[in-house]
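K.L.:
As a plain string of letters, each chain reads:
Protein chains: 2
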Amino acid sequence: MLLERKKITDYFQNLQKNICKSLEDEDQKSKFSSETWQREEGGGGITNVFQDGNIWEKGCVNFSAVSGKMPEILAKRDTFGEGNFFATGVSIVLHTQNPFVPIIHMNVRYFEMNQQKAWFGGGIDLTPHYIQENDAVFFHQQLKNTCDKFSPTYYPEFKKWADDYFYIKHRNETRGVGGIFFDRLEENKDFSWENRFQFVQEIGNTFIPSYLPIVQKNKNKKYSQENKNWQLYRRGRYVEFNLVYDAGTKFGLETSGRIESILLSLPKQAEWIYDLKPEKNSPEFNTLALLKKDINWV
Amino acid sequence: MLLERKKITDYFQNLQKNICKSLEDEDQKSKFSSETWQREEGGGGITNVFQDGNIWEKGCVNFSAVSGKMPEILAKRDTFGEGNFFATGVSIVLHTQNPFVPIIHMNVRYFEMNQQKAWFGGGIDLTPHYIQENDAVFFHQQLKNTCDKFSPTYYPEFKKWADDYFYIKHRNETRGVGGIFFDRLEENKDFSWENRFQFVQEIGNTFIPSYLPIVQKNKNKKYSQENKNWQLYRRGRYVEFNLVYDAGTKFGLETSGRIESILLSLPKQAEWIYDLKPEKNSPEFNTLALLKKDINWV
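In the order they appear, the protein sequences are chains A and S.
Each residue of the first sequence is one higher than the one before, starting from 43 at the first, in the working numbering.
Each residue of the second sequence is one higher than the one before, starting from 43 at the first, in the working numbering.
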């Protein structure tokens with residue numbers, strides 16, 4: 043028996059509310075602007091946009107719960123099949139003012155096909171413009187702690203999945219220091235629906251305690267124009283990843299979703315500089331050296 | 043009988059040289075930096091990068107002539123098939139300092155499979171940040187004049203092809219005011235190889251006379267910070283097109299081409315602003331209204 047949809051959407055909607063509150067309390071300057079939208083084919087969402095704060099320059103914490111006939115372009119791919127779908131979740135991307143405060147992303151979601159097949163998915167990953175190893179260790183440790191409550195295989199498996207997913211193939215670089223990624227978590231003999239849902243809730247609840255301490259530690263660091271330029275340059279990579287590889291973005295663009303909500307993941311400003319090669323042993327150089335798969339942070 | 047490769051590459055290489063010379067003469071400040079590269083699997087190219095000029099902020103005029111075994115990922119698509127390929131051409135993208143000077147793009151190319159099948163292709167399109175109708179008319183008239191020398195069907199056919207190709211589907215916007223796009227021009231009963239080659243040469247030679255007058259007309263126009271912001275915002279669309287749709291870029295990313303050369307098409311700086319809606323009847327608003335297919339400029 044599938045879980046009650048209302049229980050899941052209620053959790054996601056509350057998660058959106060709680061995360062927005064925590065971020066506003068931290069930022070002290072800007073507030074989320076909220077927009078409720080309806081989808082003609084069924085369902086809708088709440089787009090919460092954050093702009094021009096002390097800490098965050100641009101970002102979003104979006105909730106949606108949509109349903110309807112599976113778009114043809116996706117039905118043809120055997121991963122989904124034909125029929126009626128229901129999808130709900132929370133999506134977050136936050137771009138920062140200070141180059142020493144990392145970009146954060148999280149998505150937690152629930153998907154149902156024809157009221158029969160269903161699964162949970164999600165991911166959370168940290169993209170520092172300058173990698174500070176202790177921050178990466180802290181971040182991964184929080185995620186591991188949550189994963190370990192549910193299964194010892196979760197963290198290693200989902201961490202590897204994140205390394206593979208948040209990967210910019212044409213650059214041979216990871217997007218940042220990774221995190222976890224998981225998909226198609228269904229009910230089976232080892233895990234009940236309740237247990238799967240509990241896991242996704244705890245991941246959602248891990249967002250603030252795994253990210254805010256890193257923000258607080260770095261938000262008052264002084265930075266130079268050179269640091270700012272590097273941030274703009276690294277944001278260019280974020281744009282490349284999201285437009286070329288990100289499955290959620292592609293899904294949105296192909297199904298003509300709400301484009302402005304989908305592309306809220308893009309930074310306010312980004313740069314591309316031809317053949318930039320940071321000086322050996324500079325902080326920028328050292329960051330590039332850590333944008334690799336299979337680093338064991340914990 | 044196919045044309046001699048050397049004849050074609052010589053033309054493309056000279057075209058690169060001539061165009062770079064004309065642009066430098068016009069800019070008066072910056073010069074192209076030139077880098078010759080070799081490809082392990084065969085061939086190479088000359089990447090000519092332009093940065094921080096009076097007129098152009100960032101751009102490239104690239105020549106390449108590469109050969110080797112068709113990459114598997116492309117061979118599987120029936121458009122190419124398996125075997126040995128040879129490809130040569132010139133690719134240009136120029137981003138401007140002044141928001142009233144349009145971005146320009148041109149690509150002219152020749153492709154050969156297994157020394158049997160071959161074709162010419164190319165395209166040239168203008169992307170104003172602010173559309174000025176008389177500039178669009180002038181630009182299209184130049185292209186039409188060149189097309190008309192070869193066939194009365196060329197311009198209408200290739201103009202429509204450009205409308206369809208340089209189209210940002212998820213925005214329901216054309217990239218700019220279009221131009222022409224053509225591909226798979228082979229020898230047939232109506233057109234000899236010599237004639238096809240002649241056409242591509244004349245298109246290449248049309249680049250400077252169809253673009254520079256527009257540059258000269260607009261380069262000294264005064265602009266405000268608001269105009270500059272709009273330029274950055276419109277460049278965001280250029281990034282979206284190139285990373286999501288552009289066939290040449292996709293080809294490059296998938297075949298792990300020379301990434302820095304391929305992504306030279308991206309502007310130095312771009313912006314994304316959530317749900318920007320220009321004021322009715324503003325120049326920005328009027329530009330958006332003209333980013334449509336099927337406008338008959340001439």
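No lab work stands behind these hints, which were simulated from the structure alone.
One or more hints might be untrue.
Where chains are identical, the list cannot tell them apart; a pair therefore holds if satisfied intra-copy or between any two copies.
Claimed, not checked - For lysine-lysine, the following DSSO-like pairs were computed, each having C-alpha atoms within a straight-line distance of at most 30 Å: (1) K59 with K259; (2) K71 with K264; (3) K319 with K231; (4) K261 with K334; (5) K191 with K73; (6) K270 with K319; (7) K319 with K63; (8) K191 with K59; (9) K319 with K73; (10) K48 with K159; (11) K310 with K292; (12) K159 with K202; (13) K186 with K322; (14) K334 with K310; (15) K270 with K73; (16) K310 with K231; (17) K292 with K259; (18) K322 with K49; (19) K186 with K259; (20) K263 with K310; (21) K111 with K186; (22) K334 with K191; (23) K261 with K310; (24) K310 with K270; (25) K71 with K270; (26) K292 with K118; (27) K259 with K191; (28) K261 with K292.
K.L.:
Indicate, hint by hint, whether the structure satisfies it.
P.N.:
Hints and how they fare:
{"no.": "1", "hint": "K59 with K259", "in the structure": "within (24 Å within a copy, 53 Å between copies)"}
{"no.": "2", "hint": "K71 with K264", "in the structure": "within (19 Å within a copy, 35 Å between copies)"}
{"no.": "3", "hint": "K319 with K231", "in the structure": "neither (51 Å within a copy, 52 Å between copies)"}
{"no.": "4", "hint": "K261 with K334", "in the structure": "within (25 Å within a copy, 44 Å between copies)"}
{"no.": "5", "hint": "K191 with K73", "in the structure": "neither (34 Å within a copy, 61 Å between copies)"}
{"no.": "6", "hint": "K270 with K319", "in the structure": "both (16 Å within a copy, 28 Å between copies)"}
{"no.": "7", "hint": "K319 with K63", "in the structure": "between (40 Å within a copy, 28 Å between copies)"}
{"no.": "8", "hint": "K191 with K59", "in the structure": "within (25 Å within a copy, 65 Å between copies)"}
{"no.": "9", "hint": "K319 with K73", "in the structure": "between (38 Å within a copy, 21 Å between copies)"}
{"no.": "10", "hint": "K48 with K159", "in the structure": "within (17 Å within a copy, 60 Å between copies)"}
{"no.": "11", "hint": "K310 with K292", "in the structure": "both (20 Å within a copy, 24 Å between copies)"}
{"no.": "12", "hint": "K159 with K202", "in the structure": "within (26 Å within a copy, 44 Å between copies)"}
{"no.": "13", "hint": "K186 with K322", "in the structure": "neither (33 Å within a copy, 52 Å between copies)"}
{"no.": "14", "hint": "K334 with K310", "in the structure": "both (26 Å within a copy, 26 Å between copies)"}
{"no.": "15", "hint": "K270 with K73", "in the structure": "both (24 Å within a copy, 27 Å between copies)"}
{"no.": "16", "hint": "K310 with K231", "in the structure": "neither (46 Å within a copy, 53 Å between copies)"}
{"no.": "17", "hint": "K292 with K259", "in the structure": "neither (34 Å within a copy, 40 Å between copies)"}
{"no.": "18", "hint": "K322 with K49", "in the structure": "neither (53 Å within a copy, 44 Å between copies)"}
{"no.": "19", "hint": "K186 with K259", "in the structure": "within (21 Å within a copy, 61 Å between copies)"}
{"no.": "20", "hint": "K263 with K310", "in the structure": "both (21 Å within a copy, 27 Å between copies)"}
{"no.": "21", "hint": "K111 with K186", "in the structure": "neither (37 Å within a copy, 45 Å between copies)"}
{"no.": "22", "hint": "K334 with K191", "in the structure": "within (27 Å within a copy, 55 Å between copies)"}
{"no.": "23", "hint": "K261 with K310", "in the structure": "both (19 Å within a copy, 27 Å between copies)"}
{"no.": "24", "hint": "K310 with K270", "in the structure": "both (13 Å within a copy, 14 Å between copies)"}
{"no.": "25", "hint": "K71 with K270", "in the structure": "both (21 Å within a copy, 27 Å between copies)"}
{"no.": "26", "hint": "K292 with K118", "in the structure": "both (15 Å within a copy, 22 Å between copies)"}
{"no.": "27", "hint": "K259 with K191", "in the structure": "within (27 Å within a copy, 68 Å between copies)"}
{"no.": "28", "hint": "K261 with K292", "in the structure": "neither (32 Å within a copy, 38 Å between copies)"}
Of the numbered hints stated above, those contradicted by the structure are hints 3, 5, 13, 16, 17, 18, 21 and 28, listed in ascending order.
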